[in-house]
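Read off the chains here:
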Amino acid sequence: MLGLQLQGIDIRFPGLAAPALAIESLTLAAGSRVALIGASGSGKSTLISILTGLERVGQGRILWDDVDICALSEGRRDRWRGANIGLVLQDFHLFPGLSALENVLLPASLSGAMARDIGARARDLLLRVGLTRPTQMIETMSRGEMQRVAIARALLRRPGVVIADEPTASLDSEAGAAVGELLLELSRESGCTLLVATHDLSLAQRLDRRIRLAGGRIVDDGPVLEQAA
Amino acid sequence: MIGFILADLRRLWAGSLVVVLLVALATALGVAVTLQERALRLGSARAADKFDLVIGAPGSETQLILSSIFLQPSPLPLMDGTVLPRLLADPRVASAAPVGFGDSFGGYPVVGTSTGLVHQLEVLAEGRVFAALGEAVAGSAVDLPIGYAVKPTHGLAERGGHAHTELAYRIVGRLEPTGTAWDRAILVPMQAVWALHGMEAESDADGRHDHADDLEHDHGHSHDEAASGAKAGHAPIDADAALNEDWGKVPPGLPAILVKPKSIADAYKLRQEYRDTETLAVFPGEVLTNLYATLGDAKRVLVAVTTGAQVLVAAAILLVTILHVGQRRRQIGALRAFGAPRRAVFVIVWSELFALIAAGVLIGFSLGFGAAKFIAGYLSGESGVAMPVVFAAGDGLLMSLILAFAAILAVLPAVLAYRQSPAAALRA
Ligand SMILES: Nc1ncnc2c1ncn2[C@@H]1O[C@H](COP(=O)(O)OP(=O)(O)OP(=O)(O)O)[C@@H](O)[C@H]1O
Ligand SMILES: [Mg+2]
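Each protein sequence line maps, in turn, to chains A and B. Each residue of the first sequence is one higher than the one before, counting from 1 in our numbering. Each residue of the second sequence is one higher than the one before, counting from 1 in our numbering.
This is chain B alone, in the form it adopts within the complex (with noise of 0.2 Å):
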């Protein structure tokens, strides 16, 4: 029986291949939109969960999502620099860390913010964190060597941006994976970002404004974005200076403030209270799950094209089964005219229909998580977030499902072949 099936199968194996290559696609297609999907969902909910409150300028909580977390080069309005003295005195607060955007370096965000944001991200892999205001971390995927000279470009340089002359900060450290976007981010502190940008501390008592006189660099052009107070030149600024973290001289205004609250209650009160028209604070899972639900919608039609999709699959399958009764017609004639009992026929047909769509379910099956995987490496390289290809046990019961349909429909020539005598079925 297995010699005459795998024959079968043989003699027809263009008409097979097409039958399988067909469920195939289908079945890759519904599944790479599924694992990509929730790739895309628990690889953000992941890149989320190391940041549990943000704080920043009342505006779009989604923008300041991205742009904090995602680090998406965008504008965020700017906060009273008052608010990180008043946060880090606060009790509630276990840690909080400014963070400034804007510039980049070969496409990878240069991000400044504190030594203890940089702690409380991961260890370091190599070197050491900054310690001057020329100095910079860099995040596991960006791919600089330590001691490299990295020159900023505000903005991103495909945009248009332009470069900074006065500073170039030098790679001292590297940072473990996080699996977040902040892996491809090179961190600097944030004291020269807001000397780059033209923004000191009120206070400031460090020589660099005796430099700033000194030498006369100035482009005359403003910065629009993240620096719009900007009132000074570019002057170079002294990349050995030490940096000063007392962050209690009334620091420029800030974009975001990343915040570890002590406890969960804690948590939700500080979100409570930085609400006003002075902060927006926001729990990044809060927003994404908001996100969500706004593309949902999205992901709805998603879905129904792929349904669609199996659905006019399905449909061929159930024609190329009817057709592959007709043809058979008469090799199924012939079987029951030498005898051959109900039970082989049945399970000729079947199995040979079976197997095929089967094939086709596993290989799709694995084609879509091949093409999961390859749009999630591609995501994962361009915005540092990793993202997870990965079944969960629902898709176990998906694969039942289709296979089980699969065996129903595999019956049907099975008995459409009974529905008409040996001597018919010999003349078709």
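So here's chain A without its partners, still in its complex pose (with noise of 0.2 Å):
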């Protein structure tokens, strides 16, 4: 697990006056698990982008545990995320052409980080998000599905951190429960620091600390008191 350390973050995009974002500092304590809430374009895709060194700032540090990752190479950021970061993305970006099982492998593959059990984790995987079919393409699969085979592949590598940027935002309820549910679950057992971006206020709840974004600052962070209905 990973804890975090952000410290004088100021980002601007060109035409807009205010900055998207504007955070003095933010300490994630490593294996907690936090809601990242908001109006929609308050600034929460953007916080978690540069927080996975997604997109470049221009000021300001972010450490993960020691590592700058402000600091690193565009490539160096890539591997680094790839190693420590599970991502789960309101679009899924899957792969079609490829089965269920290669979707959740390819980064690791790709990465030549293919342990020996790692083929046999991802099965695991996949049959714990509720998949039996591994070698289903993935261009057949319904949405929720979709988002389980991406959570499998958050989870294969063992990140320090998941991070979900509106994992069901994209899903009906049901299926969306389901897989916050899944979410939740994988992560507690992997011990890992969790951090999910999110409008679905039950999925909120159920987080122990709530970070509210508006404009671009954070306008309010506590524990989470109210208890899961």
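Just so you know, the hints here were simulated from the structure itself, not pulled from any lab data. For clarity, every value in this text was computed on a predicted model and none was experimentally measured. Every residue, glycine too, gets a C-beta built ideally from N, C-alpha and C. Take the hints with a grain of salt, since some may be wrong.
[Claimed, not checked] Which stretches of chain B does chain A cover? Using the computed rule of at least three CB atoms under 8 Å from a CB of chain A, they are:
1) 8 to 16
2) 334 to 343
3) 412 to 425
Both chains are given apart, each in its own frame, so use the hints to dock them into the complex.
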């Protein structure tokens, strides 16, 4: 599991007077489970992009344990992300033409991170997320099933942190609930740090800490007091 | 990785096919033009190889070669018949054979010559050489059986020539292939051609004149071509009359004589000596070289056209490449987002594009080769001149150059892919 220390982030996009993101400092304890909420356009996805190194920042520091990802080159940041962050995105970003199993294994195999037992682990994970046909082609799957494949892929290399951006937003409520449940359960089992950006209040309720963004700033940060229904 | 690349190509098969076809057709065009031009050049050079020195009446050198080496049907001016005995008596001449054109049969040129030339061309595949006036030897590509009776037509039948009814040749032998236009020729005794066109050796001693007086078959029209000296009518000719190849009796006018000099030095001396007001001596190879120099401009135009086509295709490939990257930004972004190292992304993007272009180039080379073979086959069938469609060492270099260019081009999308952040690519 990884902990985060973030300092002096100020992201501006051309044509926007106010910064899209302005965060003095943010700390996530290793193993903590955090919900990131806020209205549409409040900067949740932008924050996730810079935390994962998908977007470069001009200034500030982003330390995951003691690695400052701002100091890494593009290629090394990609590699670091592959090894340390389990990503789940709203649009799945799976690769058509490959089976569920091949999709789960693709990033690891491209990175040359194919440990001996990794095939078995991929099958286990697929079973664990409730998919019994690992050879099914990805484009023939339902959206709920696709997001489960994405969760299995995110967890394959035992990342220190799992980060999900609206994992349930493109699913109906039932499939969304199931996917949210799996995400929580599997990350708890692996003990990794978890950060989920979501509009889904019932999902946010089930995490330990809640950060609310508005206009690119943290306006509320504290433990989730209410118990999940 | 291979699985991913294959899945990708399968998924984008229609676009991939277009790229492959585009490259293949452009390559094929260039290859076909190059190979065909080479085949034509090699083929005609080899066809002319068998003939060392050609002597005709003063006029166009090119026409003399086209008629005597490539047997193109067109009238040649006649030179004085005494040139032949003079050449035969020359110690520098190994052999000299008269040739007479103007007749044809079923699209095959009927060429009058001597038994010496027949032997000089090739060995006989079957039968024997002509020994009587009414006998003929067929070239290897003449599709007529031994024993077939050939009734020659004056000129080409399709151009309104008329049939000679006075004499039918019987095919008595067939030559091995020579790879020259002469493969399509029906070789007959020169004397028979003279007789048909009413030109006799002045001191002709055999009995043909008697026959000519007996039977009246004079159609009364005059020839305007090789036999322009015609005065006699169309009396039947004794096909069985034995051949007399004693050229010493001052033969009538001749369109061309094929000469084999004893040495190269002799060849140059003879060529020098027989270029005067009465005769024109030429080396076929030299004339062909001049001809190519003249055709060089035409070839340059052709090459420019193909180059233009290739530049267009290169531009098209470039465009396809850039579109390809555009379409794949999301995919490349996703690969990067999930941790694929730069090397893997490079290999994937590069190898997909390179595989397509390389496949196109290889298919193009085979297509071009096939097309050149087909055209050469057709032209050989028409002319009898064998046209060797062959790759030269330079072609391998050209192919490597094209592939190297493709390899560099294919790097482009991979480089472009790293010019934006994965987050931006994912939004695409
Ligand atoms: N590349 C960009 N160029 C210009 N503006 C951008 C860019 N990316 C984000 N923004 C702006 O930054 C703000 C934050 O966007 P972001 O996508 O982070 O919001 P969000 O909280 O994820 O919204 P949602 O809940 O709808 O996903 C928005 O106003 C958006 O228009
Ligand atoms: Mg968002």
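Taking the hints in turn, this is what the structure says about them:
1. 8 to 16: holds (count 3)
2. 334 to 343: holds (count 9)
3. 412 to 425: Holds: 5 residues of the region 412 to 425 of chain B have a Cβ under 8 Å from chain A.
The structure fails none of the hints (numbered hints given earlier).
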